[in-house]
Every structure is written in structure tokens, then in C-alpha cells.
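Asks: This is what each chain is made of:
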Amino acid sequence: SQQGEEDPQALSIQEGENATMNCSYKTSINNLQWYRQNSGRGLVHLILIRSNEREKHSGRLRVTLDTSKKSSSLLITASRAADTASYFCATDTGRRALTFGSGTRLQVQP
Amino acid sequence: EPEVTQTPSHQVTQMGQEVILRCVPISNHLYFYWYRQILGQKVEFLVSFYNNEISEKSEIFDDQFSVERPDGSNFTLKIRSTKLEDSAMYFCASSAESRGETQYFGPGTRLLVL
Chain A
28 SQQGEEDPQA LSIQEGENAT MNCSYKTSIN NLQWYRQNSG RGLVHLILIR SNEREKHSGR
88 LRVTLDTSKK SSSLLITASR AADTASYFCA TDTGRRALTF GSGTRLQVQP
Chain B
30 EPEVTQTPSH QVTQMGQEVI LRCVPISNHL YFYWYRQILG QKVEFLVSFY NNEISEKSEI
90 FDDQFSVERP DGSNFTLKIR STKLEDSAMY FCASSAESRG ETQYFGPGTR LLVL
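Sequence lines, in order, name chains A and B.
Quick note: the first sequence, position 62, residue 89 per my numbering, numbers continuous.
Quick note: the second sequence, position 63, residue 92 per my numbering, numbers continuous.
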């Protein structure tokens with residue numbers, strides 16, 4: 028697989044439930060960033076976690092990073108219909124380019 | 030909150046025509062980027078720009094592409110002779126001084142080449 032691959036590809040949950048998305052990558056990273064994209068719209072930065080961090084919180088978002096497994100997870104707690112979007116992880120390997128995964132399409136049913 | 034802006038939001042052009050996509054990065058940012066996303070595909074890096082020169086580019090960024098910072102606020106991507114396969118959403122991004130900082134993305138320009 029390529030650098031920065033998310034799973035699942037699609038996730039459908041009920042409002043109020045938690046949503047967990049995973050990202051795996053291949054090479055060493057400086058940091059990993061999570062972005063949200065509403066259909067056909069721009070990329071909204073959610074959270075950045077550095078390689079020396081294991082967990083980070085921002086509101087209802089919780090991101091973990093396991094550099095030994097080269098994986099990260101994004102947890103959205105108490106989901107809302109407005110959380111419906113595609114979520115991407117993007118890895119920063121020390122070059123300036125971010126490498127994006129294919130994304131997880133999250134559907135939150137009201 | 031400062032944000033990256035892009036114009037136009039949509040552009041339709043004929044194959045072989047030149048297009049210029051414009052971006053205004055966040056004002057105190059020094060690193061600028063272009064990415065593109067073909068419909069249904071991943072976001073792909075095109076080029077990064079710092080101190081008035083290209084610092085990195087991908088294999089997608091061939092001689093048909095160029096970038097410029099014509100003044101203190103704008104950052105442009107030019108495609109000299111568009112191809113059908115250039116149809117995509119083009120995103121501009123900027124980041125603050127140091128490497129490894131958050132890249133903030135604009136809303137994108139949807140380019141359709143006919």
C-alpha cells in the first residue's frame with residue numbers, strides 16, 4: 028500500500044456514536060496531519076500530531092500515533108450529522124510535500 | 030481567522046488554452062504549495078515554493094506548469110497548454126516559517142478542460 032492509507036474506506040454511523048478512522052503509512056514521518064473535506068469542497072485542517080507525540084485532543088477529536096506500527100487513528104466522539112465528510116490523513120516525511128491517503132468517507136445519520 | 034483564498038472557484042477552458050489559478054496565502058506565511066485532486070482520487074502534491082523559488086516539485090509538475098509570486102500577496106499556478114487530464118480541483122496551501130508546520134489549504138479551484 029502507499030504512504031498514508033486510511034481504513035475503512037467508508038463508514039456509516041448514527042448521530043451520537045463514535046467514529047474511528049485509521050491511517051497506516053510506510054516511511055518515517057515528522058508529523059501526521061488529519062484533514063476533513065466536505066463533498067467537492069476544500070480541505071480543512073483538523074489536527075497535527077508530531078512523531079514524538081502519542082496522543083492529541085482537540086474538542087471532540089482524539090488522534091493517536093503509534094510510530095512503531097506506523098499507524099494513526101482519528102476518533103470523533105458524539106458524532107453529529109455535520110461531521111459527514113471525507114477524512115484524510117497526510118504525512119510529512121521531512122520534505123515539504125504532504126502525502127495524502129485515499130480517505131475515509133464518513134456518513135453520520137441523523 | 031486568517032485563511033487562504035483562491036480565485037476563481039471554477040474555471041472552464043478549452044484544451045490547449047492557458048490558465049492561471051490565483052491564490053492569496055495567509056499573510057505571515059512563507060511556504061506556499063499547490064496540490065491537485067482529480068475527481069475521486071487522492072490529493073497530490075505539485076510544487077512547493079519558498080523565497081521566490083521552487084523548493085520541491087513532483088513528477089506531475091512538468092514544463093507545462095509554472096508558479097509565480099508576482100507581488101507580496103498573490104501566488105499563481107499557470108498551466109500553459111491545458112490537457113483534458115488537467116481537469117481537477119487545484120488547492121493552494123501555505124504554512125508558517127519552519128518545516129513541519131500545519132499546511133492550511135484554500136477552498137480550491139475546480140478546473141474543467143474541454
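Hints were generated in silico from the structure; no laboratory data involved.
Please read all numbers here as calculations on a predicted model, not as lab measurements.
Where a beta carbon is used, it is the ideal one built from N, C-alpha and C, also for glycine.
Hints are supplied without guarantee of correctness; some may be wrong.
[As the list claims (entries may be wrong)] Here are the simulated SDA-like pairs of lysine to any residue, each with C-alpha atoms no more than 25 Å apart in a straight line:
| hint | chain 1 | residue 1 | chain 2 | residue 2 |
| --- | --- | --- | --- | --- |
| 1 | A | Lys-96 | A | Ser-78 |
| 2 | A | Lys-83 | A | Asn-57 |
| 3 | A | Lys-53 | B | Gln-66 |
| 4 | B | Lys-71 | A | Gly-43 |
| 5 | B | Lys-71 | A | Ser-100 |
| 6 | A | Lys-53 | B | Asn-103 |
| 7 | B | Lys-71 | A | Pro-137 |
[What the hints assert, rightly or not] Derived DEER-like restraints, expressed as beta-carbon distance ranges:
| hint | chain 1 | residue 1 | chain 2 | residue 2 | range |
| --- | --- | --- | --- | --- | --- |
| 8 | A | Arg-107 | B | Arg-51 | 15 to 21 Å |
| 9 | A | Ala-108 | B | Glu-114 | 22 to 28 Å |
| 10 | A | Pro-137 | B | Gly-101 | 42 to 48 Å |
| 11 | A | Ser-85 | B | Thr-34 | 45 to 51 Å |
| 12 | B | Lys-107 | A | Gln-136 | 40 to 46 Å |
Asks: Hint by hint, say whether it matches the structure.
Replies: Checked hints:
Between the alpha carbons of A:Lys-96 and A:Ser-78 the distance comes to roughly 12 Å, so the proposed pair stays at or under 25 Å and holds. For the hint pairing A:Lys-83 with A:Asn-57, the CA-to-CA distance comes to about 15 Å; that is within 25 Å, so the pair holds. A threshold of 25 Å between alpha carbons decides the hint, and for A:Lys-53 with B:Gln-66 the separation of about 22 Å falls inside it, so the pair holds. For the hint linking B:Lys-71 to A:Gly-43, the alpha-carbon distance of about 29 Å lies beyond 25 Å, and the restraint is violated.
For the hint linking B:Lys-71 to A:Ser-100, the alpha-carbon distance of about 19 Å falls within 25 Å, and the restraint holds. Between A:Lys-53 and B:Asn-103, the direct Cα distance comes to roughly 35 Å. Violation of the 25 Å bound is thereby established for this hinted pair. As the CA atoms of B:Lys-71 and A:Pro-137 are separated by approximately 28 Å, the hinted pair breaks the 25 Å bound. At about 34 Å, the CB distance of A:Arg-107 to B:Arg-51 disagrees with the hint of 15 to 21 Å.
Look at A:Ala-108 against B:Glu-114: about 36 Å separates their beta carbons, and that is not inside 22 to 28 Å. Taking 42 to 48 Å as the suggested C-beta distance range, the pair A:Pro-137 and B:Gly-101 conforms, at roughly 46 Å. The beta-carbon spacing between A:Ser-85 and B:Thr-34, approximately 24 Å, falls outside the hinted interval of 45 to 51 Å. In this structure, B:Lys-107 and A:Gln-136 meet the distance hint of 40 to 46 Å, their C-beta atoms being roughly 44 Å apart.
Hint check: violations occur at hints 4, 6, 7, 8, 9 and 11; the rest are consistent with the structure.
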